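Since the structure of chain X is already known, use the hints to place chain U on it.
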Amino acid sequence: MFEKFTSADAGDFRQRYQGTYGYFRQADNKTLVRLDKVNFETNNKTVEFVDEHGLTYTLHADSHDETVGFDFLPPKISYHNGENNAWLLRRIPARQYQRGICDRNTSIRTVDGIIFSVDFAILKKLFNNKYSPKETFAATTHSTKTEQSFALSSQFAVSLSRGRIYCLGQSIGQVKLVNSDFLSIILNDPLLWGTEIRDCLHRTEINGEVK
Amino acid sequence: MKVVDVWKGVGTPKVRKYPLTAECTNPELVIGFELETESCIKLNARGYEELVNPCNFTVHTDGSLRGLSYEFISRPMRSDNALAALKDFFLLTQFTEENYSDRCSVHVHVNCTDITLEEVSSVALLYTVVEELLFEFVGGSRDTNIYCIPWNQCRAHYELVSNFLSDPSHVLRGWNKYTALNLIPLCTLGTVEFRQMHGTADINKLTTWVNIIGALFKYAKAVKLKDLIGSIKTLNTTSHYEMFFNEVLGGQLPYNEVYRQKLEEGVVLAKYSLVNYSENKRDKKSKEDLGDTRSNQSIYDELTAGLFPAAQNVGDIRILYNDDTVL
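If you read the sequences in order, they're chains X and U.
Heads up, the first sequence stops at 439 in the working numbering, and the numbers go up one at a time, no gaps.
Heads up, the second sequence stops at 481 in the working numbering, and the numbers go up one at a time, no gaps.
So that you can see chain X by itself, here it is in the shape it has in the complex:
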């Protein structure tokens, strides 16, 4: 979601994005940054970004370069696969003042429920590195970590460590791993979820049966 920084809308820009994370973009280059400060009350309106290494970037309002701006990250509810586990990102239900992701409006937790602060490290795992369900599934079955989880889709995830399948954080059934690469899924309500979960297995090319 690309936003130009203009002097006319500097006040709105500050309200929407100060303190949030997103990408500082110029042409095809984009850097994950936190938008630290919007100077909107002076004649020289600027935005200050900082990246994960602490390097500060300054963007002046009304840049002639149309490709320069801020790509904010909307806190849309969704599971994300990591290297060997998955997270659920969602908006915190409250009145929101910020449009991009920040600690005040976004909850990030693993499938097993471990909550993380919103920071560069977790956002890089969620947005910079993309893993397919099949990749994370394969990795998590060989993982020695306490949590073994992966996302089947943006709405469904499996925790092998807890033997559960979830829809957006809500348990909808039981899961057992058979022969290290086959999922046996028993749904609480097969009529409600059967087709969706079978579709997920089919789309992700993960072997399994659904009852």
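The hints are simulated quantities; they were obtained by calculation from the structure and are not laboratory data.
Treat the hints with care, since some could be wrong.
DSS-like cross-link-like pairs, simulated, lysine-lysine; straight-line CA separation at most 27 Å [unchecked claim]: (1) K331(U) to K304(X); (2) K362(X) to K416(U); (3) K439(X) to K380(U); (4) K372(U) to K416(U); (5) K168(U) to K372(U); (6) K380(U) to K171(U); (7) K258(X) to K352(X); (8) K171(U) to K304(X); (9) K387(U) to K439(X).
Short derived list, chain U residues pointing at chain X, Cβ under 8 Å [what the hints assert, rightly or not]: (10) L222; (11) S223; (12) A310; (13) T388; (14) N390; (15) T391; (16) Y426; (17) V429.
Covered, in the sense of this in silico footprint (three residues per stretch, anywhere, with C-beta under 8 Å from a C-beta of chain U), are these stretches of chain X [stated by the list, open to error]: (18) 258–267; (19) 295–306; (20) 389–402.
None of the values given here were measured: they were computed from a predicted structure.
No residue lacks a Cβ here, since even glycine has one placed at the ideal position from N, Cα and C.
For chain U alone, kept in the frame of chain X given last:
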């Protein structure tokens, strides 16, 4: 039980007439508009008041807007009258897209005083199914606007039907005004407020919007909640989706691949909201089968003992258990 019977202070609206009508899906549905408008440079507030009063609109100030700006609020009218009045409103004021920045919105209030709590629940459930699709129609990245947050992003829909039917006032006390479909006015005006639409002078788009809303209410009144829940639960094939789409929104929007995907997502969200509504005994039984007896405390102990490398590597651990999980 009807809405007016639940919140005693809510009276039935005084519905204004308008001499003209426009074709629409649900002409009897009583609605009202709030049009946030900027750059109102041609007249002062009194001038605009005189200009738009014959269209059943009044003029108000709005602190969220910039410059010479007003909020134009219509009096309650039937949809066929309201759309005709809206068309005349734009003819008279000569507002164009220039008057509508991304700060502006069009809010549509729909009268619910004459419908039952079950019918309101049906509207809410239908809305859950089509919310993503409505945002797709509206466009303009409105789903990221902080003044009309989608239900699915803040889980407003979760267990809404059962909670609303058992204690509607409690639901409204915890509701957030800035959700895309705001239910709070039910207990004050007897309305629900659709907040998705961006500011626009495009009468065709606004007409379609009113027709979509009208279609939702029409379907919610025609189909019993129990039957609606039943059909949502069994919606799971492409042909079912298309049939459902055409039954609810037929003629308002074209059924295409984008809308099909949005509908599919919406159906999952609606089913998710109904998980505990349909809970059966299998969950308890299978939980016993798995011997899942771990407590929050045991998991907390495990984590704080440093046995969770993923968490240590990435960030702070603040709260340590998934409170959504039914144990």
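Hint check against the structure, violated hint numbers in rising order: 6, 8, 10, 11, 18
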